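Visitor: In terms of the numbering used here, the sequence shown is residues 498 to 647.
Some hints could be false.
Below, simulated DSSO-like cross-link-like pairs (lysine-lysine); rule was C-alpha separation at most 30 Å, straight line [as the list claims (entries may be wrong)]:
| # | residue 1 | residue 2 |
| --- | --- | --- |
| 1 | Lys527 | Lys513 |
| 2 | Lys513 | Lys598 |
| 3 | Lys598 | Lys527 |
| 4 | Lys598 | Lys521 |
If you anchor each label on the Cβ, the simulated ranges turn out as follows [unchecked claim]:
| # | residue 1 | residue 2 | range |
| --- | --- | --- | --- |
| 5 | His573 | Gln596 | 13 to 23 Å |
| 6 | Asn579 | Asp553 | 34 to 44 Å |
| 7 | Glu524 | Arg578 | 28 to 38 Å |
| 8 | Ala563 | Tyr609 | 21 to 31 Å |
| 9 | Ser519 | Thr570 | 26 to 36 Å |
| 10 | Gln581 | Asp604 | 33 to 43 Å |
| 11 | Thr570 | Lys527 | 15 to 25 Å |
| 12 | Trp554 | Lys513 | 21 to 31 Å |
| 13 | Ala606 | Gln577 | 31 to 41 Å |
| 14 | Asp553 | Gln581 | 13 to 23 Å |
| 15 | Arg578 | Asp517 | 36 to 46 Å |
| 16 | Asn579 | Glu524 | 32 to 42 Å |
| 17 | Asp604 | His566 | 17 to 27 Å |
Treat the hints as calculated values from the structure; they're not laboratory data.
Quantities reported herein were computed from a predicted structural model and do not represent experimental measurements.
Heads up, the beta-carbon is just placed ideally off N, CA and C, and yes, glycines get one too.
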Amino acid sequence: MAEQEPYIQQYEAAEKFFDDDSEKCIELCKANISDPTIPNYYLIMNLILIVSAMDDWDEADFYRLAAEHAWETTHHRALQRNEQEEMEALSGLRDELDQLKSFRERDLAEYYDSDEETEMQDAEDEDEIGFENPRDVADAENEIDHGGRP
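Make the full structure from the sequences, and use the hints.
Guide: And the structure:
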């Protein structure tokens, strides 16, 4: 367990900034994951913390997918070696990864629902203005050639 101590300390140092300074939290986690000696368990934990601290899902998804990949690789090795303790630890991380995926899917669904509502509202607005006829729409957008006439 002593060999794990520096990784625990590094993770906990980053985690302390999670609520008050997410940028610092992310910065420390990125430094942690750049260490080529970091065990996969702590790599995944740091990646999850990065995703949780980020506001932008597009950027966060890169780290979420990296965590998924690291989890799959680690889980596969643990299964091959029949390491029950490691598989139990990975099970907890699996729950967190599933939760992050669920949050992302929910947020994306809300985003797309919002886009659909906006498109429907735009269509309703166009109908109210009288843009039901494609010729009227084209006229309004000055897209019809009137043969030199205004």
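Visitor: For each hint, tell me whether it holds in the structure or not.
Guide: Each hint tested on the structure:
1. Lys527 / Lys513: Roughly 15 Å between the alpha carbons, so the hint for Lys527 and Lys513 holds.
2. Lys513 / Lys598: Within the cut-off at roughly 24 Å; holds.
3. Lys598 / Lys527: holds (20 Å)
4. Lys598 / Lys521: It holds: about 24 Å lies between the C-alpha atoms, which stays within 30 Å.
5. His573 / Gln596: 13 to 23 Å: holds (22 Å)
6. Asn579 / Asp553: 34 to 44 Å: For Asp553 against Asn579, whose Cβ atoms are near 40 Å apart, the range 34 to 44 Å holds.
7. Glu524 / Arg578: 28 to 38 Å: Since Glu524 and Arg578 have Cβ atoms about 34 Å apart, the given range 28 to 38 Å holds.
8. Ala563 / Tyr609: 21 to 31 Å: holds (25 Å)
9. Ser519 / Thr570: 26 to 36 Å: holds (28 Å)
10. Gln581 / Asp604: 33 to 43 Å: Hint holds: Cβ distance 35 Å, inside 33 to 43 Å.
11. Thr570 / Lys527: 15 to 25 Å: holds (20 Å)
12. Trp554 / Lys513: 21 to 31 Å: holds (24 Å)
13. Ala606 / Gln577: 31 to 41 Å: holds (37 Å)
14. Asp553 / Gln581: 13 to 23 Å: Because 38 Å falls outside the window, the suggested range is violated.
15. Arg578 / Asp517: 36 to 46 Å: Between Arg578 and Asp517, where Cβ atoms are some 40 Å apart, the hint holds.
16. Asn579 / Glu524: 32 to 42 Å: For Glu524 against Asn579, whose Cβ atoms are near 38 Å apart, the range 32 to 42 Å holds.
17. Asp604 / His566: 17 to 27 Å: Since the Cβ atoms of Asp604 and His566 sit about 22 Å apart, the hinted range of 17 to 27 Å holds.
In summary, the structure is inconsistent with hint 14 from the numbered list given earlier, while agreeing with all the others.
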